[in-house]
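Fit chain B to the supplied structure of chain A, relying on the hints for placement.
There are 2 protein chains.
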Amino acid sequence: MIRDLILKNRSCRRFYSEIIIELDTLRELVDLARLSASAGNAQPLKYILSCNPKKNALIFPYLAWTGYLNDWSGPYEEERPSAYIIILGDTEIKQSFGCDHGIASQSILLGATEKDLGGCIIGSIQREELRKALRIPSRYEILLVLALGKPKETVVIETVGPTGDIKYWRDSKGIHHVPKRALDEIIVDES
Amino acid sequence: MIRDLILKNRSCRRFYSEIIIELDTLRELVDLARLSASAGNAQPLKYILSCNPKKNALIFPYLAWTGYLNDWSGPYEEERPSAYIIILGDTEIKQSFGCDHGIASQSILLGATEKDLGGCIIGSIQREELRKALRIPSRYEILLVLALGKPKETVVIETVGPTGDIKYWRDSKGIHHVPKRALDEIIVDES
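Note that the protein sequences, when read in sequence, are chains A and B. Residue numbering for the first sequence follows the working numbering, starting at 1 and increasing by one per position. Residue numbering for the second sequence follows the working numbering, starting at 192 and increasing by one per position.
Some clues are possibly wrong.
Simulated pairs of lysine-lysine, DSS-like, Cα-Cα distance not exceeding 27 Å [unchecked claim]:
1. B:Lys358 / B:Lys246
2. A:Lys8 / B:Lys306
3. B:Lys306 / B:Lys341
4. B:Lys199 / A:Lys115
5. B:Lys245 / B:Lys343
6. B:Lys343 / A:Lys8
7. A:Lys115 / B:Lys358
8. B:Lys343 / B:Lys306
9. A:Lys94 / B:Lys371
10. A:Lys94 / B:Lys358
11. B:Lys364 / B:Lys343
12. A:Lys180 / B:Lys306
13. A:Lys152 / A:Lys55
14. A:Lys150 / A:Lys167
15. A:Lys180 / A:Lys150
16. A:Lys8 / A:Lys180
17. B:Lys285 / A:Lys167
18. B:Lys199 / B:Lys285
19. A:Lys180 / B:Lys285
20. A:Lys152 / A:Lys132
21. A:Lys132 / A:Lys54
22. A:Lys115 / B:Lys306
23. A:Lys94 / B:Lys285
If you want the footprint, here are the derived chain A segments under chain B, 3+ residues with CB under 8 Å [what the hints assert, rightly or not]:
24. 14–27
25. 37–44
Part of the chain B face toward chain A, derived, beta carbon under 8 Å [unchecked claim]:
26. Arg225
27. Gly231
28. Leu236
29. Leu240
30. Trp256
31. Gly258
32. Ile378
It should be emphasised that the hints constitute simulated quantities derived from the structure, not laboratory data. Computed from a prediction, not measured in an experiment: that's the story for all the values here. Virtual Cβ for every residue (Gly too), placed ideally from N, Cα, C.
Excised from the complex, chain A in its bound form (with noise of 0.2 Å):
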């Protein structure tokens, strides 16, 4: 079922980072982006794909992995992803990629998440720097980094209470909670 699928996907952000990931792996997931929806059929989208350590290296430091926990930056050294995927939009097909690239991460990361691995959609990338440290040419716009590994985190979903608070925290065991909000708050008119 794909609800179950949907459900085991949240967002991970600490990683089994002994896991390897073979590059067979991520080029079958990015096979399902390939066979997935793009707007009038351009196919702007393309992919750098990184599964070895020293090029994982590279990528890291220009990644923010949080906006709400306060005592912690990012996954350490042995929680850190097994691989990468990195979504460019190719300038010389197209010049903006509409959501073409939120598609493809869902693709992404349900093909993983059947896969038993995780991963987290990364849209706060230090851009420069990391088009310098892989030697990304200018044609490309780095629009997404999708982290991927073995998750090593539990993943809980809550509900939007009525302050409309939705960040999300980690309770002293180091389970990671997230507040959605309610079917009925989302929908706007139906009938």
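Showing chain B alone in chain A's frame:
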């Protein structure tokens, strides 16, 4: 397998309009979007659901169905969608919506596909006319319209040829062909 579902989930523009989609089905689909990732967990997306013929008829005139088919501009009455989900951005929560609506759309369409329904993500919308027709408050930005129904067309994936042409086409039997770029074309770098 998620790959099978993604392969089955082809953008579809002609439907068995006599097939009814219940409101509960639309609510289930929006619930999949609700449980999907949102940048900074802000969850700024809101939804309008429509599955009654009168409301559907208010929405239909403001949608552009295709950029590439010269002799077909949209489905005839008997092939129109049974339902719509309009994705809105709530500007009281956020001013820009990143690719949240792409993530949400993919969850909804995969959910629809699992139910043997199908649909099309429509971004080419006469937004102000639609806003007036449905009296959508100015607080909401109209992001996308998802057309949903029981698919009445066959869609086949092709490989983009040497000319690089990505335009989809219909053959004399009405089969819809969609050229997709090869995996090696969209992977810029891997290691």
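Do the hints match the structure? See the list:
Distance hint between B:Lys358 and B:Lys246 is unfulfilled; the C-alpha atoms sit about 32 Å from each other, more than 27 Å. At roughly 20 Å between alpha-carbon atoms, A:Lys8 and B:Lys306 fall within 27 Å of each other, so this suggested pair holds. Straight-line distance between C-alpha atoms of B:Lys306 and B:Lys341 comes to about 9 Å, which keeps the hinted pair within the 27 Å bound. Between B:Lys199 and A:Lys115 the CA atoms are separated by roughly 20 Å; this keeps the pair inside 27 Å, and the hint holds.
Proximity of B:Lys245 to B:Lys343 is assessed by CA-CA distance (about 22 Å); at most 27 Å being required, the pair is judged to hold. Restraint check for B:Lys343 and A:Lys8: the C-alpha separation of about 32 Å exceeds 27 Å, so the hint is violated. With a C-alpha separation of about 33 Å, the suggested pairing of A:Lys115 with B:Lys358 is violated against the 27 Å cut-off. With a C-alpha separation of about 15 Å, the suggested pairing of B:Lys343 with B:Lys306 holds against the 27 Å cut-off.
Of the supplied pair hints, the one linking A:Lys94 and B:Lys371 holds, its CA atoms being roughly 16 Å apart against a limit of 27 Å. With a C-alpha separation of about 14 Å, the suggested pair A:Lys94 and B:Lys358 falls inside the 27 Å cut-off, and the hint holds. As the CA atoms of B:Lys364 and B:Lys343 are separated by approximately 13 Å, the hinted pair is consistent with the 27 Å bound. Annotation: proposed proximity of A:Lys180 to B:Lys306 holds, straight-line Cα distance about 25 Å (limit 27 Å).
A C-alpha spacing of about 22 Å is found between A:Lys152 and A:Lys55, which places the hinted pair at or below 27 Å, so the restraint holds. Proximity of A:Lys150 to A:Lys167 is assessed by CA-CA distance (about 24 Å); at most 27 Å being required, the pair is judged to hold. Between the alpha carbons of A:Lys180 and A:Lys150 the distance comes to roughly 24 Å, so the proposed pair stays at or under 27 Å and holds. As the CA atoms of A:Lys8 and A:Lys180 are separated by approximately 15 Å, the hinted pair is consistent with the 27 Å bound.
Only pairs whose Cα atoms come within 27 Å are accepted, and B:Lys285 paired with A:Lys167 is accepted, the gap being roughly 14 Å. Simply put, B:Lys199 and B:Lys285 have alpha-carbon atoms about 34 Å apart, too far for the 27 Å limit, and the pair is violated. Note on A:Lys180 and B:Lys285: the hinted pairing holds, with a Cα-Cα distance of about 16 Å set against a maximum of 27 Å. Restraint check for A:Lys152 and A:Lys132: the C-alpha separation of about 31 Å exceeds 27 Å, so the hint is violated.
Of the supplied pair hints, the one linking A:Lys132 and A:Lys54 holds, its CA atoms being roughly 15 Å apart against a limit of 27 Å. Among the hinted pairs, A:Lys115 with B:Lys306 is consistent with the structure: their alpha-carbon atoms are about 23 Å apart, no more than 27 Å. With a C-alpha separation of about 26 Å, the suggested pair A:Lys94 and B:Lys285 falls inside the 27 Å cut-off, and the hint holds. Counting residues of the stretch 14–27 of chain A whose C-beta sits closer than 8 Å to any C-beta of chain B gives 3, which meets the bar of three, so the coverage hint holds.
Here the stretch 37–44 of chain A counts 6 residues with a CB under 8 Å from a CB of chain B, which clears the bar of 3, and the coverage holds. Contact between B:Arg225 and chain A, as hinted, is supported at the beta carbon level, the nearest pair being about 6 Å apart and thus within 8 Å. For B:Gly231, the interface hint holds, since its Cβ comes within 8 Å of a Cβ in chain A; the closest pair sits about 6 Å apart. The closest approach between the C-beta of B:Leu236 and any C-beta of chain A is roughly 7 Å, which is under the 8 Å cut-off, so the hint is satisfied.
A distance limit of 8 Å between C-beta atoms decides the matter here; for B:Leu240 the minimum to chain A is near 4 Å, and the interface restraint holds. Against a cut-off of 8 Å between C-beta atoms, the interface hint on B:Trp256 is violated, since the closest Cβ of chain A lies about 12 Å away. A hinted interface residue such as B:Gly258 counts as satisfied when its beta carbon comes closer than 8 Å to some beta carbon of chain A; here the least separation is about 6 Å, so the hint holds. The criterion of a C-beta within 8 Å of any C-beta in chain A is met by B:Ile378, whose closest approach is roughly 5 Å, and the hint holds.
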